[in-house]
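J.: The lines below spell out each chain.
Number of protein chains: 2
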Amino acid sequence: MKNVLIKDIYRNTEKYIDKTITISGWIRTSRSSKAFGFIEVNDGSFFKNIQVVFEESLENFKEIGKFTIASAIVVEGTLVATPGAKQPFEIKATKISLEAGADRDYPLQKKRHTFEYLRTIAHLRPRSNAFSAVFRVRSLTAYAIHKFFQERGFVYVNTPIITGSDCEGAGEMFRVSTLDFNNIPMTEEGNIDFNKDFFGKETNLTVSGQLEAEAYALAYRNVYTFGPTFRAENSNTARHASEFWMMEPEIAFADLNDNMDLAEDMLKFIINFVMENAPEEIEFFNKFIDKELLNRLNNVINSDFKRITYTEAVEILEKANEKFQYPVYWGCDLQTEHERYITEKVFKRPVFVTDYPKDIKAFYMRMNDDNKTVAAMDLLVPGVGELVGGSQREERMDVLEKRLEEMNLNKDDYWWYLDLRRYGGVKHAGYGLGFERAIMYLTGISNIRDVIPFPRTPKSAEF
Amino acid sequence: MKNVLIKDIYRNTEKYIDKTITISGWIRTSRSSKAFGFIEVNDGSFFKNIQVVFEESLENFKEIGKFTIASAIVVEGTLVATPGAKQPFEIKATKISLEAGADRDYPLQKKRHTFEYLRTIAHLRPRSNAFSAVFRVRSLTAYAIHKFFQERGFVYVNTPIITGSDCEGAGEMFRVSTLDFNNIPMTEEGNIDFNKDFFGKETNLTVSGQLEAEAYALAYRNVYTFGPTFRAENSNTARHASEFWMMEPEIAFADLNDNMDLAEDMLKFIINFVMENAPEEIEFFNKFIDKELLNRLNNVINSDFKRITYTEAVEILEKANEKFQYPVYWGCDLQTEHERYITEKVFKRPVFVTDYPKDIKAFYMRMNDDNKTVAAMDLLVPGVGELVGGSQREERMDVLEKRLEEMNLNKDDYWWYLDLRRYGGVKHAGYGLGFERAIMYLTGISNIRDVIPFPRTPKSAEF
Numbered sequence: 531m532k533n534v535l536i537k538d539i540y541r542n543t544e545k546y547i548d549k550t551i552t553i554s555g556w557i558r559t560s561r562s563s564k565a566f567g568f569i570e571v572n573d574g575s576f577f578k579n580i581q582v583v584f585e586e587s588l589e590n591f592k593e594i595g596k597f598t599i600a601s602a603i604v605v606e607g608t609l610v611a612t613p614g615a616k617q618p619f620e621i622k623a624t625k626i627s628l629e630a631g632a633d634r635d636y637p638l639q640k641k642r643h644t645f646e647y648l649r650t651i652a653h654l655r656p657r658s659n660a661f662s663a664v665f666r667v668r669s670l671t672a673y674a675i676h677k678f679f680q681e682r683g684f685v686y687v688n689t690p691i692i693t694g695s696d697c698e699g700a701g702e703m704f705r706v707s708t709l710d711f712n713n714i715p716m717t718e719e720g721n722i723d724f725n726k727d728f729f730g731k732e733t734n735l736t737v738s739g740q741l742e743a744e745a746y747a748l749a750y751r752n753v754y755t756f757g758p759t760f761r762a763e764n765s766n767t768a769r770h771a772s773e774f775w776m777m778e779p780e781i782a783f784a785d786l787n788d789n790m791d792l793a794e795d796m797l798k799f800i801i802n803f804v805m806e807n808a809p810e811e812i813e814f815f816n817k818f819i820d821k822e823l824l825n826r827l828n829n830v831i832n833s834d835f836k837r838i839t840y841t842e843a844v845e846i847l848e849k850a851n852e853k854f855q856y857p858v859y860w861g862c863d864l865q866t867e868h869e870r871y872i873t874e875k876v877f878k879r880p881v882f883v884t885d886y887p888k889d890i891k892a893f894y895m896r897m898n899d900d901n902k903t904v905a906a907m908d909l910l911v912p913g914v915g916e917l918v919g920g921s922q923r924e925e926r927m928d929v930l931e932k933r934l935e936e937m938n939l940n941k942d943d944y945w946w947y948l949d950l951r952r953y954g955g956v957k958h959a960g961y962g963l964g965f966e967r968a969i970m971y972l973t974g975i976s977n978i979r980d981v982i983p984f985p986r987t988p989k990s991a992e993f
Numbered sequence: 531m532k533n534v535l536i537k538d539i540y541r542n543t544e545k546y547i548d549k550t551i552t553i554s555g556w557i558r559t560s561r562s563s564k565a566f567g568f569i570e571v572n573d574g575s576f577f578k579n580i581q582v583v584f585e586e587s588l589e590n591f592k593e594i595g596k597f598t599i600a601s602a603i604v605v606e607g608t609l610v611a612t613p614g615a616k617q618p619f620e621i622k623a624t625k626i627s628l629e630a631g632a633d634r635d636y637p638l639q640k641k642r643h644t645f646e647y648l649r650t651i652a653h654l655r656p657r658s659n660a661f662s663a664v665f666r667v668r669s670l671t672a673y674a675i676h677k678f679f680q681e682r683g684f685v686y687v688n689t690p691i692i693t694g695s696d697c698e699g700a701g702e703m704f705r706v707s708t709l710d711f712n713n714i715p716m717t718e719e720g721n722i723d724f725n726k727d728f729f730g731k732e733t734n735l736t737v738s739g740q741l742e743a744e745a746y747a748l749a750y751r752n753v754y755t756f757g758p759t760f761r762a763e764n765s766n767t768a769r770h771a772s773e774f775w776m777m778e779p780e781i782a783f784a785d786l787n788d789n790m791d792l793a794e795d796m797l798k799f800i801i802n803f804v805m806e807n808a809p810e811e812i813e814f815f816n817k818f819i820d821k822e823l824l825n826r827l828n829n830v831i832n833s834d835f836k837r838i839t840y841t842e843a844v845e846i847l848e849k850a851n852e853k854f855q856y857p858v859y860w861g862c863d864l865q866t867e868h869e870r871y872i873t874e875k876v877f878k879r880p881v882f883v884t885d886y887p888k889d890i891k892a893f894y895m896r897m898n899d900d901n902k903t904v905a906a907m908d909l910l911v912p913g914v915g916e917l918v919g920g921s922q923r924e925e926r927m928d929v930l931e932k933r934l935e936e937m938n939l940n941k942d943d944y945w946w947y948l949d950l951r952r953y954g955g956v957k958h959a960g961y962g963l964g965f966e967r968a969i970m971y972l973t974g975i976s977n978i979r980d981v982i983p984f985p986r987t988p989k990s991a992e993f
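In the order they appear, the protein sequences are chains A and B. Here my numbering runs 530 ahead of the position in the first sequence, where the first position is 1. Here my numbering runs 530 ahead of the position in the second sequence, where the first position is 1.
Possibly wrong hints are sitting among the right ones.
Heads up, simulated DSSO-like pairs for lysine-lysine below, C-alpha to C-alpha not over 30 angstroms straight-line [said to hold, decoys possible]:
#1 B:875 - B:798
#2 B:941 - A:640
#3 A:537 - B:798
#4 A:537 - A:677
#5 B:532 - B:596
#6 A:798 - B:941
#7 A:989 - B:726
#8 B:545 - A:532
#9 A:545 - B:677
#10 B:532 - A:677
#11 A:537 - A:821
#12 B:532 - A:836
#13 A:941 - B:726
#14 A:891 - A:798
#15 B:640 - A:726
#16 A:537 - B:941
#17 B:677 - A:731
#18 A:798 - A:578
#19 B:941 - A:545
#20 B:726 - A:731
Simulated from the structure, these hints should not be mistaken for lab results.
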């Protein structure tokens with residue numbers, strides 16, 4: 531008989547109640563007395579376990595009582611309702627067999643473990659309640675992103691991971707090479723001879739797929755990227771990883787307002803999708819990780835996001851009756867304390883801040899008519915601060931070239947990016963969502979290392 | 531008025547016919563006489579263009595006639611049916627305005643270009659018919675993969691790209707480093723001092739997420755990875771890229787037969803999804819790229835895949851009335867010519883070949899009782915040969931340790947992989963699908979460089 535999945539039993543109980551079923555899964559807990567015993571089984575399909583009752587009438591009753599935590603078993607029995615009990619039903623076993631045992635030194639015995647400890651057993655931690663919930667939500671969120679964009683006709687573009695250009699200019703990069711480190715080839719002039727490297731030039735790991743996504747938006751109109759990106763920054767914080775996933779939509783025939791509409795729709799869609807498809811997980815997070823989680827997510831879903839300019843934000847902050855660690859003045863970069871004040875204290879909902887000073891933003895952002903600010907937008911959300919950052923892109927060739935010069939960037943490196951402005955370079959816009967930051971927001975988990983299956987951070991690339 | 535997308539006009543024509551609509555897009559072709567003219571507009575939402583008719587009654591009639599190919603325009607007009615004409619409808623323009631011009635040296639003028647040439651303008655080629663179709667199919671195929679697995683409750687796992695282990699052992703790897711190539715640090719013993727590198731150890735780009743996926747399958751039961759993988763092989767063929775995407779499901783409480791069932795269901799699902807969602811593109815490929823495409827895809831959808839053992843395959847090949855370039859004997863690796871003979875000439879449908887000699891397969895594949903073969907499976911399809919490769923994994927600790935020894939692999943490097951066998955390491959299986967190879971199969975495109983937006987191959991990492 532085909533095994534029934536525990537998720538199916540929870541979701542379609544009436545189909546199985548009082549029927550004989552077979553399940554298979556791993557033992558989470560087990561206790562027994564002389565006459566009967568209970569095993570909590572998790573089969574991986576669902577956050578919750580199912581309780582299995584076994585009685586001494588089973589021929590291998592004594593052995594079953596000795597099955598260790600984490601052992602894999604197959605259970606045949608009847609699903610019976612248990613009104614009034616903690617769990618709505620249980621399986622009265624007629625047969626239990628061992629599929630694979632587990633050594634007694636299993637590191638995930640039923641007791642509290644710190645997240646720090648669980649990071650050292652990243653190959654086993656998805657079997658714990660908290661991480662089981664985290665990584666299922668991560669999977670559902672990824673799917674929600676694809677679903678949102680695909681249903682709107684967006685084309686998914688896989689932009690390159692290995693990049694031969696340093697156009698992206700967003701911080702330190704990892705070099706990719708097959709050169710022999712014992713014998714780095716040199717040119718006659720005494721420089722490293724990257725001609726001899728695998729790609730015949732210096733190559734690095736990408737920090738963003740945006741520039742390539744722009745090329746595709748000017749062909750397909752609406753596109754998105756979703757893939758790994760990298761930062762070789764030596765910062766050991768709870769919010770930085772060296773390898774993380776990023777999602778970047780890019781839309782043509784669109785301006786900054788269209789961009790904000792899209793980000794707002796997307797965020798609401800994702801939250802709704804996860805709340806609908808992982809209600810048990812969200813309930814768990816709300817109970818054990820962050821008691822404000824549900825309030826916060828509901829607030830986002832039910833709000834019209836506020837839109838203010840950077841200049842307005844600075845005015846609000848200057849008038850605020852609040853001591854900030856970092857001083858506020860027109861031209862300053864907003865710090866998390868400022869962002870949280872605006873979204874949590876002033877507007878109490880998500881806030882788009884737009885039109886930042888050009889000097890604190892990237893070269894590709896569209897210059898406003900005031901010649902001082904650019905058409906950028908950051909989405910600030912209560913509890914976190916910045917969640918999304920984006921802009922309308924500079925589509926005017928002369929303005930873009932001037933910006934490159936101002937920022938001492940080499941025009942030749944941008945030949946194809948400039949080409950896009952030469953041939954039907956219509957107005958377009960886009961933004962980036964750090965995928966892990968979104969997962970942290972959706973789960974209340976506060977360390978990025980705990981939302982990445984096998985995290986990479988300075989001095990750490992285990993597994 | 532909100533712009534209507536051309537896809538929507540084709541799919542919901544009755545909604546717009548005889549109505550005033552506004553579209554925006556790029557000029558693909560333009561021709562005009564003294565009294566009227568025609569513009570083919572593509573807005574990126576759809577494979578096909580829409581024809582716009584403009585007449586001299588428009589105040590900027592003369593300018594419109596001079597708009598260059600690739601210019602972005604906005605068109606207001608009435609959608610009228612054109613029974614008997616090549617296209618089912620056209621827009622009679624009441625207003626056409628220029629959004630963004632295009633220089634006259636636009637490299638994608640309407641004429642035949644070789645795929646080789648188009649690779650040099652990878653930032654513009656998605657605007658050509660062929661590549662517009664290829665990369666839309668790529669996007670839809672990616673979505674079909676997510677949809678297939680998510681609807682079956684599989685958990686999507688992002689396995690790491692940067693790997694600190696060389697356990698994967700599948701060929702040459704790219705090194706990832708932040709060391710200064712002008713000054714590689716050395717230990718006192720004269721070795722490279724990877725302690726000083728970013729991660730405190732030697733790191734490379736992943737060649738497969740399988741081992742990590744196994745860890746997750748033993749928590750979630752059914753999981754899949756889908757992300758970039760890398761090979762630093764210096765092979766310049768039409769079928770090899772240095773960076774490509776791979777999809778790897780892994781299922782627990784499952785054996786080789788379950789694995790084959792899954793692969794067969796998945797492949798049929800993907801082909802059906804793409805044929806339903808990109809009929810115009812598939813028709814185009816069938817007409818201009820590969821006249822056997824539709825026959826082949828329909829054959830796959832409508833066949834029950836054949837299953838034979840490697841030993842049976844060798845017997846068939848030995849008896850074959852066919853001159854092969856590579857000799858066939860028990861123990862040989864099957865070459866593409868052998869694979870194609872079996873799937874195209876003998877069975878005329880997809881064929882799973884199972885139970886290969888252990889010596890030509892990886893250490894993690896489950897040893898069969900004959901002690902000579904392992905529970906591996908390759909899926910061979912007409913027109914291509916191998917499309918999917920997988921196996922049941924060795925779950926028995928003692929057998930796995932023996933295999934590691936036999937293959938001179940260091941057990942300590944596999945501590946966590948062995949742990950998985952120690953704690954509820956139930957039978958499990960999985961396979962890998964090279965995403966680009968699937969796209970080549972779905973489109974008939976014969977060079978892998980033409981199904982990757984910005985391909986990376988030896989000596990080439992442009993854009």
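J.: Each hint needs a verdict: does it hold in this structure or not?
T.: The hints, checked one at a time:
1. B:875 - B:798: Roughly 21 angstroms between the alpha carbons, so the hint for residue 875 (chain B) and residue 798 (chain B) holds.
2. B:941 - A:640: 29 angstroms, holds
3. A:537 - B:798: Given pair residue 537 (chain A), residue 798 (chain B) holds - Cα atoms ~25 angstroms apart, limit 30 angstroms.
4. A:537 - A:677: At roughly 22 angstroms apart (the allowed maximum being 30 angstroms), residue 677 (chain A) and residue 537 (chain A) satisfy the hint.
5. B:532 - B:596: 26 angstroms, holds
6. A:798 - B:941: 48 angstroms, violated
7. A:989 - B:726: Within the cut-off at roughly 9 angstroms; holds.
8. B:545 - A:532: 48 angstroms, violated
9. A:545 - B:677: 25 angstroms, holds
10. B:532 - A:677: Given that 30 angstroms is the threshold and the Cα spacing comes to 23 angstroms, the pair holds.
11. A:537 - A:821: 26 angstroms, holds
12. B:532 - A:836: Cα-Cα ~23 angstroms, so holds.
13. A:941 - B:726: Cα-Cα ~35 angstroms, so violated.
14. A:891 - A:798: 27 angstroms, holds
15. B:640 - A:726: 39 angstroms, violated
16. A:537 - B:941: Roughly 37 angstroms between the alpha carbons, so the hint for residue 537 (chain A) and residue 941 (chain B) is violated.
17. B:677 - A:731: At roughly 39 angstroms apart (the allowed maximum being 30 angstroms), residue 731 (chain A) and residue 677 (chain B) break the hint.
18. A:798 - A:578: 26 angstroms, holds
19. B:941 - A:545: Answer violated: residue 941 (chain B) to residue 545 (chain A) is near 47 angstroms, above 30 angstroms.
20. B:726 - A:731: 24 angstroms, holds
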